[in-house]
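J.: The chain contents come next:
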Amino acid sequence: MDFKIRTMADCLAEGTTPEVLFWVGCAGSFDDRAKKITKAIAKILHHTNTSFAILGSEESCTGDPAKRAGNEFLFQMMAMQNISVLNAYEVKKIVTGCPHCFNTLKNEYPELGGNYEVVHHTQLIQELLNTGKLKIEGGEFKGKKITFHDPCYLGRGNGEYEAPRQLIQALDAELVEMKRCKTNGLCCGAGGAQMFKEAEKGIKEVNVERTEDALAVKPSVIATGCPFCNTMMTDGVKHFEQEHTIAVKDIAELIAEAVDL
Amino acid sequence: MISQIIFALLLATAGYFIFKRYQFVKGNILLGQKGPETDRKGERLRTMILVAFGQGKMFSRPFVALMHLILYVGFVVINIELIEIIVDGLTGEHRSFIGFRGYYRLLINLFEVLAGLVIIACVVFLIRRNFGKIKRFQSPEIKQWPKRDANIILITEILLMKAFLIMNAADSLLTVRSATPARVPSFWVSQISQPFLKPLSTGALEGLSHFCWWFHIVGILGFIVYLSFSKHLHILLAFPTTYFSKLQSPGNLSNDKAVTNEVKLMLDPNAVVEPVEFSRFGVKDVSDMQRTQLLSAYSCTECGRCTSVCPANQTGKLLSPRKVMMDVRDRMEEIGNAKAANNGVWVEDGKSLIRDYISEEEVWACTTCNACTDACPININPMEVLVDLRRYLIMEESKSPDSITSMFNNVENNGAPWAMSAMNRADWTNE
Chain A
1 MDFKIRTMAD CLAEGTTPEV LFWVGCAGSF DDRAKKITKA IAKILHHTNT SFAILGSEES
61 CTGDPAKRAG NEFLFQMMAM QNISVLNAYE VKKIVTGCPH CFNTLKNEYP ELGGNYEVVH
121 HTQLIQELLN TGKLKIEGGE FKGKKITFHD PCYLGRGNGE YEAPRQLIQA LDAELVEMKR
181 CKTNGLCCGA GGAQMFKEAE KGIKEVNVER TEDALAVKPS VIATGCPFCN TMMTDGVKHF
241 EQEHTIAVKD IAELIAEAVD L
Chain B
262 MISQIIFALL LATAGYFIFK RYQFVKGNIL LGQKGPETDR KGERLRTMIL VAFGQGKMFS
322 RPFVALMHLI LYVGFVVINI ELIEIIVDGL TGEHRSFIGF RGYYRLLINL FEVLAGLVII
382 ACVVFLIRRN FGKIKRFQSP EIKQWPKRDA NIILITEILL MKAFLIMNAA DSLLTVRSAT
442 PARVPSFWVS QISQPFLKPL STGALEGLSH FCWWFHIVGI LGFIVYLSFS KHLHILLAFP
502 TTYFSKLQSP GNLSNDKAVT NEVKLMLDPN AVVEPVEFSR FGVKDVSDMQ RTQLLSAYSC
562 TECGRCTSVC PANQTGKLLS PRKVMMDVRD RMEEIGNAKA ANNGVWVEDG KSLIRDYISE
622 EEVWACTTCN ACTDACPINI NPMEVLVDLR RYLIMEESKS PDSITSMFNN VENNGAPWAM
682 SAMNRADWTN E
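Protein chains in written order, with the working numbering: chain A, 1 to 261; chain B, 262 to 692.
Please note that the accuracy of each hint is not assured.
Stated by the list, open to error - Computed cross-link-like contacts, DSS-like style, restricted to lysine-lysine with a CA-CA straight-line distance of at most 27 Å:
| # | chain 1 | residue 1 | chain 2 | residue 2 |
| --- | --- | --- | --- | --- |
| 1 | A | Lys201 | B | Lys612 |
| 2 | B | Lys396 | A | Lys204 |
| 3 | B | Lys287 | B | Lys408 |
| 4 | B | Lys287 | A | Lys92 |
| 5 | A | Lys201 | B | Lys492 |
| 6 | A | Lys93 | A | Lys135 |
| 7 | A | Lys204 | B | Lys394 |
| 8 | B | Lys518 | A | Lys92 |
| 9 | B | Lys394 | A | Lys182 |
| 10 | B | Lys287 | B | Lys600 |
| 11 | A | Lys93 | A | Lys39 |
| 12 | A | Lys4 | A | Lys92 |
| 13 | B | Lys660 | A | Lys204 |
| 14 | A | Lys93 | B | Lys525 |
| 15 | A | Lys201 | A | Lys238 |
| 16 | A | Lys36 | A | Lys201 |
Unchecked claim - These stretches of chain B come out as covered by chain A in the derived footprint (C-beta under 8 Å, 3 or more residues):
| # | segment |
| --- | --- |
| 17 | 463 to 471 |
| 18 | 568 to 579 |
| 19 | 649 to 657 |
| 20 | 669 to 676 |
Simulated from the structure, these hints should not be mistaken for lab results. Predicted model only: the values in this text are computed from it and were never measured. By construction, the Cβ of each residue, glycine as well, lies at the ideal position given by its N, Cα and C atoms.
The whole structure should be built from the sequences, with the hints applied where relevant.
T.: The structure is reproduced here in structure tokens:
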């Protein structure tokens with residue numbers, strides 16, 4: 001990165017309070033593909049002069065995959081540890097790069113003592129766009145067909161369907177909807193800790209079924225808002241050997257590219 | 262006089278069976294744990310009015326919604342006629358309310374129009390269900406009894422409506438012919454069948470009218486008893502089920518309070534916690550479930566919308582969310598019957614909801630995507646049942662697929678689901 005990204009500890013040492021904590025998430029921190037999404041989000045935050053910081057080594061898994069796999073004990077341990085870190089830094093607002101972190105922090109932490117304003121990165125970018133802090137010239141995506149795959153925990157889980165779509169439209173791109181979209185959107189197959197295990201016996205992988213929906217609308221880009229969906233859709237596109245014609249990208253990456261960051 | 266006694270006896274018998282069944286179902290639901298759903302009464306009432314009374318979620322599929330609305334309105338409105346039938350039955354009169362003249366005519370006309378529409382809707386549903394190519398009506402769990410159940414309901418509804426219409430037609434003809442019963446006009450729909458009945462003698466018409474009257478009331482009473490044993494129970498239980506349905510964001514999976522206490526005490530042995538009653542971590546059997554979950558299983562009408570949108574089911578996995586709810590109900594019935602056969606005392610039968618009804622393979626196939634709950638017209642939540650079963654497997658049996666176990670270990674030891682060190686979390690900032 002060509003600018004310094006501060007941690008909450010840095011800020012504390014400097015005596016500053018960042019406006020928003022960027023909760024990177026495990027995929028965003030460790031997965032090579034997802035790191036590109038993380039960088040795109042950081043670039044957008046930096047570009048718009050949003051004062052933000054990360055937790056760095058003090059960040060931990062929110063516990064989402066443990067909870068959804070039935071390990072409530074481990075989930076609550078992670079949650080309480082994270083909450084003590086977040087509360088120690090007096091965090092008020094969090095932006096996440098992952099709908100699973102978003103959902104867990106937003107919905108499941110308050111009862112355990114963690115009360116924050118939590119937004120998904122597409123919501124924050126939408127806000128930056130609407131307040132004029134971010135200006136997008138269509139650029140390379142002008143007129144291109146882009147379809148959006150709704151992450152379950154952004155869409156059905158939390159009712160956010162419009163922010164990512166508004167951003168795609170801001171690219172002057174042609175937003176094409178799959179036959180199953182929004183409330184009817186089909187899961188990519190990674191949720192509920194499926195990301196970390198083999199699928200049960202069946203006739204098809206879920207991501208292949210979902211990629212068929214996407215290919216049917218002949219997009220040049222499949223846009224996602226979740227690092228796990230991104231992996232699943234990328235694999236799906238490879239399954240159909242379409243990786244040279246169809247890109248799978250996070251909305252943040254599309255915006256960062258369009259703004260030439 | 263004899264017919265009045267028979268009628269009263271019939272009424273009492275039906276009442277007895279309904280009461281017994283009500284107690285049985287209630288007892289089964291009370292097998293479960295007390296839930297916290299006594300809060301936010303206003304929002305709950307609103308949900309019930311919108312989703313159950315207003316059928317708000319049905320209209321994502323408009324054609325079926327319209328057909329279903331006809332049956333629903335028909336059921337509610339036509340059954341106003343029951344008041345007259347019961348008065349007639351007990352007093353030995355026929356058409357006790359005919360004195361209301363204009364109102365009576367208008368009301369019966371309305372009932373007839375609805376009855377005609379109900380017959381059409383039932384025929385459409387019978388054809389769709391038995392000859393249509395609708396995948397959710399072909400699933401393994403919907404063969405045999407569930408399929409027969411659906412057909413019995415639809416055919417009974419057609420017969421009941423036919424009896425009502427034929428009785429009206431016969432009475433109208435009799436008024437013209439012999440003035441007994443008096444003042445029964447021709448009604449809008451039943452007049453269609455008058456020409457078919459005209460050749461009958463007056464005696465035959467009287468017989469037919471009587472037969473239809475008895476068939477109608479015996480049919481209704483029988484049907485009410487029957488529906489308490491059938492998926493048709495949804496017409497009543499949809500109301501409490503939606504009332505008690507989840508109000509939080511659908512993505513919010515409730516935090517297990519018993520676990521919260523354990524974790525709090527582990528982090529701080531001096532922590533003050535409010536004790537919670539619980540049978541065990543997670544759900545092994547129906548008695549570990551919330552009562553509201555058990556209630557929702559009884560209110561499932563097996564439409565299969567959940568299964569038709571389930572990513573696991575659509576890709577050929579064993580999991581079917583509809584089957585999950587049917588299994589919960591079947592297990593409750595099994596326990597209830599065993600208790601009833603043993604003077605109300607439950608003797609452990611060595612079986613449980615997990616494995617004997619719902620396999621681990623089904624439990625682990627769920628992606629927790631929430632599509633099932635979103636699709637359910639009455640907010641039943643099969644996903645939470647699956648997560649509860651996972652909670653039991655993990656927290657009581659430490660049983661999970663190997664890769665899930667390593668994910669847990671990584672989360673616990675490295676703070677990430679992969680074997681990566683927290684020290685490398687910010688590496689991307691330098692790349």
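J.: Work down the list of hints and note, for each, if the structure agrees.
T.: Hint-by-hint comparison with the structure:
{"no.": "1", "hint": "A:Lys201 to B:Lys612", "in the structure": "holds, 25 Å"}
{"no.": "2", "hint": "B:Lys396 to A:Lys204", "in the structure": "holds, 17 Å"}
{"no.": "3", "hint": "B:Lys287 to B:Lys408", "in the structure": "holds, 25 Å"}
{"no.": "4", "hint": "B:Lys287 to A:Lys92", "in the structure": "violated, 47 Å"}
{"no.": "5", "hint": "A:Lys201 to B:Lys492", "in the structure": "violated, 30 Å"}
{"no.": "6", "hint": "A:Lys93 to A:Lys135", "in the structure": "holds, 23 Å"}
{"no.": "7", "hint": "A:Lys204 to B:Lys394", "in the structure": "holds, 21 Å"}
{"no.": "8", "hint": "B:Lys518 to A:Lys92", "in the structure": "holds, 25 Å"}
{"no.": "9", "hint": "B:Lys394 to A:Lys182", "in the structure": "holds, 26 Å"}
{"no.": "10", "hint": "B:Lys287 to B:Lys600", "in the structure": "holds, 13 Å"}
{"no.": "11", "hint": "A:Lys93 to A:Lys39", "in the structure": "holds, 19 Å"}
{"no.": "12", "hint": "A:Lys4 to A:Lys92", "in the structure": "holds, 22 Å"}
{"no.": "13", "hint": "B:Lys660 to A:Lys204", "in the structure": "holds, 26 Å"}
{"no.": "14", "hint": "A:Lys93 to B:Lys525", "in the structure": "holds, 25 Å"}
{"no.": "15", "hint": "A:Lys201 to A:Lys238", "in the structure": "holds, 21 Å"}
{"no.": "16", "hint": "A:Lys36 to A:Lys201", "in the structure": "violated, 33 Å"}
{"no.": "17", "hint": "463 to 471", "in the structure": "violated (count 0)"}
{"no.": "18", "hint": "568 to 579", "in the structure": "holds (count 8)"}
{"no.": "19", "hint": "649 to 657", "in the structure": "holds (count 7)"}
{"no.": "20", "hint": "669 to 676", "in the structure": "holds (count 4)"}
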